[in-house]
Every structure is written in C-alpha cells, then in structure tokens.
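Chains as they are written, first to last, in this note's numbering: chain A, 1 to 311; chain B, 312 to 746.
Don't read these hints as lab results, they were simulated from the structure. Remember, it's a predicted structure, so these values are computed and weren't measured experimentally. Ideal Cβ positions, reconstructed from N, Cα and C, are used throughout, including at glycine. Mixed in with the good hints there might be a few duds.
Said to hold, decoys possible - According to the in silico footprint, chain B covers these stretches of chain A (three or more CB under 8 angstroms from chain B):
(1) 49-63
(2) 125-135
(3) 228-235
To be verified - Listing some non-contacts, in silico: residues in chain A with all C-beta distances to chain B over 10 angstroms:
(4) Ile43
(5) Ser115
(6) Arg117
(7) Met140
(8) Ser148
(9) Phe159
(10) Gly160
(11) Ile167
(12) Lys253
(13) Ile303
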Amino acid sequence: MSVALETMNSPRKSESGLSRWANNHIKLLFVGPSVVFVATMIILPIAYTVVLSLTNAAGSVSRPFDFVGVDNYTMWLSDTERFWPATGRTAYFTFTAVALELMFGLGIALLLRKSFRGQGLVRVAILLPLVATPVAIGMMWLLIFEPSIGFANEFLSWFGIPGQGWISSPDQAMNTLVFVDVWQWTPMMALILLAGLTSLSEEPDEAARVDGANAWQRFRYVTFPLLWPAMGAAVLLRSIDALKTFDILYATKGRGGGSNHEVETLNILAYGESFEYSQYGRASALLMLFLFFIVITLSVIAILRKTGTRT
Amino acid sequence: MRFNNGFRRSFVAMAAIGGMATLSACGGGTSKPAVDGKVTDITVVTGKNPWSDGIKSHLAEYKKLTGVTVKLETYGNEQLNDQYKVKLNASASDFDVMAFQVQDVMREFSRNGWLTDMTKYVGSAGDWNWNDFQKSARDSVTLDKVIYGVPLMTERHVMYYRKDLLKAAGIAVPKTLDELKAAAAKLHNPAKKMTGIAMRGQRVPAVTQFSSFLYSFGGDFQKNDTATIDTPEAIAAYNFYGNLLRESGPPGSTNMGWIEASALFAQGKAAFYLDADSQAYTFLDPKSSAVVDKVAYAPFPAGPAGAHPYSIVPWTAGINKFSEKKDAAWAFIKWATSDKQFVSLMANDTVPSPRNSSWANKTATDGFPAGLVANVKATATTAVGHDRPQLEQVARSREIVGGPIVTAIQGGDVKAAVKVAQLGFQDLLKQDSAK
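Take the sequences, apply the hints, and build the full model.
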C-alpha cells in the first residue's frame, strides 16, 4: 500500500525528457502518423494540382512552364465543344443511374424485407454484380452488346426485333452504359435500404394497418418518410462514385468517350487531357472545376437529406 | 516490468514511426541495382506486338549467353504510353529498355528529355551493322541528327481477303480501289452475318489506315507546316473510306479498332480486311482463327493517284534516360536486333524485319507468308514513310483529323467536317512550329 502511494506521489525521476514530452503529448503522437499520411497523400497532391492549374505545363513536368493565371479556367468555361457537353453528360449519367438504382434498390429491399426460405442464397446472388471488377464488367457487356456477334442482338432476334447498335451506336451508347451501371450498383442501394428498413420498428406500420391503410398508403405515408434518412445516405454514397464513373466508360468506349465523344464525361475528358495530350496545366484546371462541381452536387444532396428529416 | 510507463509508451511510439518510415522508403522498383558494377537483370517494357511475342521465347537463351535475366513487361498500346508518362514524369529508373511507337511519341519524349541519345552506341557497333537497316526505318528513328532507338519491325498496309469467297463468287482479286468497292458490295450479306469489308472506324485508330487511301487519292495530311486535309483529293479520300465502311462494312464500325475489326475477319465474318501486315499472325493461329487456310494477301489497291500504302516503323527500342544500366540495356538491344535474331523472328513469328538482309535471306522469307513477301517487294518504292500527321501533339491531331472519317462513315456532311478539322489541325501545326 505504502509502496503504491510512494510511486503515485513521487515524481518519476528516471523519466527522460523525450518520454516526458511523449507523455504530455500522447494525443499528438497517436494521431501523428495518420495526419502525416493525409497531408502527403491527399493535401499535397491537391495543392500541387491547384498550382499546376495556374500554369501551361505540358509534355513533362520537368519542362519549363509559365504561370498563366486563370487562363486555363476561362478556356474551359468558354469551351462549348467539349467541356459543357461533358458536364451535361456527367449530370445526365449520374442523375439517371442513381435514380434508377434507388428505384430498383428500394423495390428489391422491400421484397427482401420479410424473411423467406432461401433468402441467404438470394442475398448472395444479387450481390454478385457488385463484387466483379468494373473493367471485367465493361469487357463482358461490350461482348454481349456487340452488334454482329453479341448475345443481346441474338436474344432480340428470337422475338423478331431488329438488332440494335447498343454501345457502338452514338445515340444508344450512353443509355446502354447507364443500364450497365444500374446492373452493377443496384445491389449496393438495395443493401443500404434493406439495412434501413430492418432497423425501422414495426409499430407505425401495424398501427397504419389497423387503421385500414392499404399497402401503397402504408408505404407512401409510413415507410417512405421513415426511410428518408437511409435513402439520403444511399443516394449520397452512390452519387459520390457515380459522378466520377470511369471504368465502364473507358473500358467500353476508350479514349475521348467514343468517336463522337458520346459518353465523354468530365472524368474521361480530364484523363484524355492529361494522358493523351499531356496538357497538365489545362487538365489540372479541368479537375479543379470538376471538384467544384462534385462538391456543389453533394452539398445539394446533403441539404435535401437534412430538410427531409426535419420533423 | 523494469521500464516505467513513460519510457514504454515513447519507445512504442518511436518504433511505430520508425517502422512506418522504413516501410514507405521500401517502395522499390523492379530491377535490382548493379552489384559491384555487374548487372544481373534488366527490365524491358513494351507494347503487345509480334516482336515482343517472338522475343519472349529467346530470353532464356540470352540469360545463358550473358547471365542477365530479362524481365519483359507487356502492355496494351494506350496503357503503355500512360505508364511511360506517369513513370518518366517521376524520373523512374525501374525499367531500362523501352519500346515506343516512334511516330506517336518520339518528338514529345525527346523534348521531355526521356530518351537516351543512342548515336554513339549505334555508331560503334561495327559488325552489327546499322546500315543494314532500311533507309526509311533509319530515318524514322532519327530526329535532328540524333538517333533515339533501333527499329524493331516494319509494317505496311496490306489487303487480307478470303480466297474461297472470291473464288466462289467468281471475283478477281481487286487491283484498284473501285474494284475493291464493287467486290465488297457483292460479298456483303448482312442476312447471312457476312460483312463485305472490315476496317477500323474508330476516330483515332482509323487515321493510320485511312492514310493509305489519302495518299492513293493524291493527298496528304500536311505539307511541312501547312495543313492539307481540305484539298479535293483529301475530301474524295474521306468520302471513299466512309462510303466503303457504311455501305459494305459491319454495324458499329465507328467503335472498332484493329482488335475488333480483325476479330470479325478471324471469325470468318468478313470478306476483306485492310490493315497492317504485322497482324498476319492472328489469322494463322489455329487456336483463335477460323480462316487459317482461307486467308490470302494482296497489295493495297490503286487509287486515282496510284497505290501508295504506308510503310512505317511501328515499334522502336530505346533506352530510358533515367536507367542506371544503359550499357546492359544497349547490349540487350544489340543482341535482340542482330540479323540472326531477325531471321529467326521473321521465319517463326511473322515479324517483318527492318533489315534489308532479312528480306534477301531464304530461311527468313521461306517462313514468312509468301503473299506478304510479295507485298513488301511490290511496295518497296511506292510506299509512304508516315501514316499519321508529323508534329509533337500527334494524339490531338489524330482526334482532329479523324473527325471527318467518322462523319463520312455516318453519312454526314463531310465538307463541313473537313473545314472544321482543317482549321483545328492548322492551329496545332502553328503551335508546334512555334516551339
């Protein structure tokens, strides 16, 4: 007892200056490595990109370049040939894909809500598209949708419908790729919404049933409002990725988003500008504009989510 | 425990930070540094092409000869250039020999300071004989009197056709572009899933194949620093290429590069396929081709200005400027491009050799498809040495110049498209000459 008291009260004479400092700043020491990591891997590259966006760096970053101020930004904002159509396509792709994924995900979640025999198997089966790598998926669908030797047109011919261009047709390419994206990511939406649904209590639903509400009314007035936060979270999460979709677009259409730039979104445009044209200054400016666009979109979604839960 | 809490905590913290620092410093390259100046391995980065496919089987031989292990890394064409740009911007030294597409990137890479000047290596190679390489090949790897690489193969435009289909329909092998148009139209049968002709139609890849049509109509991309794609000859060539693909080509041709178009021919679904002669191996491999016995070769047909297909050096082996094993890299290149190697590659892997002596060597030409040898001889004096615009920003220029091709295939207003393309291309040329 007295030994313990002694150790507690007497100063630790054998403590070196370093271990004393470490003791006093223990929080800093533990947070230190991750701060260093975030700073070097995220903040530094973004800062460098901002710097590059104000220059005309091209070819190689070791070649001499000049500062051109906001010239790159004005160039992109006034480019009605590639930039604004790409922005439009990014918005169209994201909105359409996420809306369809939300709709189908909600449907699947509602169906899987009640437990039934074989539900484990069904849950695994619908997860399979999610697990496959996007490039492999792109190549697979490219083959399926090939107009001459692909299965899709073969399938249509069984019903007497003429073969379509699908991915190779400039008009249908975007919608076909929206379909591929919906095929791949609906399971994720379904999972999140299912988690949200199972966390809801049964009481409001039962009370509504007792009051005589039919299935649609129960869904519209009870389930839907209660599920809003989960839906908001699902849409937010999915939108972050959908805005930046690259793999399936690049794997199927290649550089420039196809011969008529039919699926060129901002990400594909930026990739081409950096890797094909080696215009690092212009590409950096484009990426900054893209980042700004993403932040605005996500803020809108986050605000909508909050206002929906204000009761 | 003798150590008190404070010491233990700071010790653990220091060990953690130290461990993390060491781990991050260990992000290494793939080639070990020379041990006492003796090199034990080198890394060769290349795109997928007949040369890389052929040399793979000889690497063990090289190891036995010199004790140097060669690591061969193969990428698709576009991924290769992306890799180079990412790695060389960071002055990477983890690869030594770099195979690159001379016409696409030599100007840019040399101005970036990424390619080693090989003039001295080549000049002091004696028996290896630089002068044995074809003159146009030697010229294409030289810029402002500096030699940046050694040609690995040559490539010409050739017409692949199905001799069985032509015989059955009683059609003679086309010798002019008009005859080709008629033959393709006759053999075009969408109901039976047979397309008359398959060619690249994707905006950027199609430019190089379109070039032969352009030259055979009497046009060219540029005359020094002046863009010439709006001449009547050029417009006629654009229209011809587009009409041919639209009327007798497969659906979705504007999405086809050489891989997709050649796949159609290899599966027996196309009667004609016009593209590089270095792709012959894809049709002669029984594992992936359904037309091994039915494919035949003929020279590019003549247009109004004669037959002027391209004959270029698609791949060149250079040395990474940041490599620490330049001498070992040169030793490998010297061995891999010796006339002995080329005779073997030509005979066994259908690699069209860039050396004059290979084409005069019976072993080499005997193993090479006869129709292709005849094509090389037929086009020796009439071929054009470039198949794309010649300036630093080649990629961008191909996008611009490829626009009217796509418009023509889709049946749009070619004259308007050419006008726009001419302005854009002229602008680029002006920028390039200002450097």
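To see whether the hints hold, each was checked on the structure:
no. : hint    : verdict
1   : 49-63   : holds (count 5)
2   : 125-135 : violated (count 0)
3   : 228-235 : violated (count 0)
4   : Ile43   : holds (17 angstroms)
5   : Ser115  : holds (46 angstroms)
6   : Arg117  : holds (45 angstroms)
7   : Met140  : holds (15 angstroms)
8   : Ser148  : violated (5 angstroms)
9   : Phe159  : holds (18 angstroms)
10  : Gly160  : holds (14 angstroms)
11  : Ile167  : violated (7 angstroms)
12  : Lys253  : violated (7 angstroms)
13  : Ile303  : holds (38 angstroms)
Hints 2, 3, 8, 11, 12, counting from the list given before, are not met by this structure.
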